[in-house]
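Asker: Keeping their order, the protein sequence lines are chains A and B.
Each residue of the first sequence is one higher than the last, beginning at 29 in our numbering.
Each residue of the second sequence is one higher than the last, beginning at 7 in our numbering.
Rather than coming from a laboratory, the hints here were simulated on the basis of the structure.
Cβ coordinates follow ideal geometry from the N, Cα and C atoms, glycine included.
You may find that some hints are simply not true.
Said to hold, decoys possible - Here are a few chain A residues that face chain B, going by a calculated C-beta distance under 10 Å:
#1 205
#2 213
#3 225
#4 232
Stated by the list, open to error - Computed beta-carbon distance windows for the label pairs:
#5 A:222 with B:188: 24 to 32 Å
#6 B:183 with A:317: 51 to 59 Å
#7 A:272 with B:183: 48 to 56 Å
#8 A:180 with B:118: 31 to 39 Å
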Amino acid sequence: MDRGLVIGGVIFAFLLAMPVLLPIVGAEYLTGLLIKAMLLAIAAISLDLIIGHGGMVSLGHAAFIGVGAYTTAIGLQSGIEEIFVLLAITLGATGAIALVTGILALRTSGVYFLMITLAFGQMIYFTLTSLAAYGGDDGLTLWSLATLFGSDIVQDGRGLFFFVFAALLLTWIGVWRVSQSRFGRVLRAARDNPQRAEVMGYPVARYQLIAYVIAACIAGVSGLLLVQYAEFVSPSIAAWQRSGDLIVAIVLGGLGSRNGALLGAFFIVIMEEFLSSFLHEWRLIYGPLLVLLVLFAKGGLNDLLQPTSREAS
Amino acid sequence: MLAIENLNKSFGALRVTRDVSLSVSRGQCHAVIGPNGAGKTTLIHQISGVLRQDSGRVLLGERDVSHLSVWERAQAGLGRTFQITSVLPTFSVQENVATALQAKTGSSLRFFAPAADEAALNDRAQTILSRVGLADRTDLPAGNLSHGELRLLEIAIALAGSPKFLLLDEPMAGLGKTESMALIDLLNDLRADFPILLVEHDMDAVFQLADALSVLVDGEIIATGAPSEVRENPQARAAYLGDGA
Ligand SMILES: Nc1ncnc2c1ncn2[C@@H]1O[C@H](COP(=O)(O)OP(=O)(O)OP(=O)(O)O)[C@@H](O)[C@H]1O
Ligand SMILES: [Mg+2]
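Here chain A stands alone, though its shape is the one from the complex (with noise of 0.2 Å):
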């Protein structure tokens, strides 16, 4: 039996019963949480593919989730509500604009990706502050949302959730089945060891540059539905911290792993939600915990669930 699979089906067949049990318990003001945390969950995902399968940390990732946000927004503002119109133009504007940076970046590799990716980003976040007409610094409030088929059904409350649920989904199995597959297994043995792949007769930086385009589009997937969500768009979504915590999520959850990226995600959503709710200065808690996970759980919070995991990666 496929552990993970097991897992990954429980988390998933209790987010499904959320938006039927939250109003039972008198707490679907919890539902937004959720949400937030699906969010987080769908970019730590993607983001875990080229960091846990592939081994190139970016730390531009979030930039990706602002670039797809702002895509969106901006065509709100022009008058495209249609969802899935919107959803092709992100993923169109986030692809293209990860191709260019990608093969610009993969000209490098560890620190100086880290660092090249990094500067991207911030170019990415500049460039969204300057957009005076959309808002600058401030942001900008949404006064339409997206449509799906002319219907207003995923604008909020469990519309919207079970949308969200849906690209949640299809991000965890596709990411996962990419990551097993042939391209993947090109992807996982370049993180290895880069000049092996090569020799076997591998263009490792092709491989590189497709899943960092893949990773990038469902980046920009999850800004679409932020704006969705928020009805507002800002830039500090893409701000370098955010790939910071997005970071953060997939090594706690544990790097390439089924549902590490998953349990990351929505552990530091609800760790902040609690632990915030009754310390003020709840980060003096979350910066020793996170160290203790890290050094007493080299496998993340996966590794804790389904200890032979590893091998899989």
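Got chain A sorted already, so can you dock chain B with the ligands onto it with the hints?
Answerer: Chain B with the ligands in isolation, oriented as in the chain A frame:
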């Protein structure tokens, strides 16, 4: 099968390859020996494309591969091992070999079907592992193998690329007596199927395996010929072989 013509390479003022020419024909094992720092590894790097030559050519069969990248040369049929073992440490032994097979079997731009379920690749990987004597290590992570086993795995990886030519950089290095003897048997067996350029310090191995021998000193081939001739060559003896050989 493999021909090197007037190859030159310098690192700054240090000339590590000086006008090296040699050729290895089908069915031959050509050994290159020489003292530490003679430029043997640098030579293999230039043949496999890891380093670019300053001048000269590398021909594989009729094809000039001198300006191809590492992966293109691998696809053209150059298989190699490294002096310092180079495998995929987190992959299982079998997946190491299957990954090498995959490079030569269909497109790797397949994004959905699980690669580990491809029976054709796994079966062929298993056959190659049996040939090198690692059949009982299939599911172990490569990082857990002993040094001797890693050397065998690297040869299995090279074989999986269905090479037209094998470049082996000191395959015996660090092996014990029995391991060396087993590896000599294996290489003797492979020699029938693959022409080999063998860099090796172990003289027993060299004299058992090589049909031809070149002595490289300070980047220059100072003697080349049948092992028995080179053995008697006074220059070669002085430079490297010593009196014990
Ligand atoms: N990248 C490099 N930059 C500068 N010098 C180098 C580089 N690589 C190798 N050298 C030098 O080139 C010379 C040849 O090195 P090489 O590794 O080819 O020797 P070798 O014959 O394989 O030696 P060994 O028997 O120790 O493996 C050495 O003096 C080495 O220090
Ligand atoms: Mg060497």
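Asker: For a quick check of understanding: which of the numbered hints are violated here, in increasing order?
Answerer: Hint check: nothing fails, all pass.
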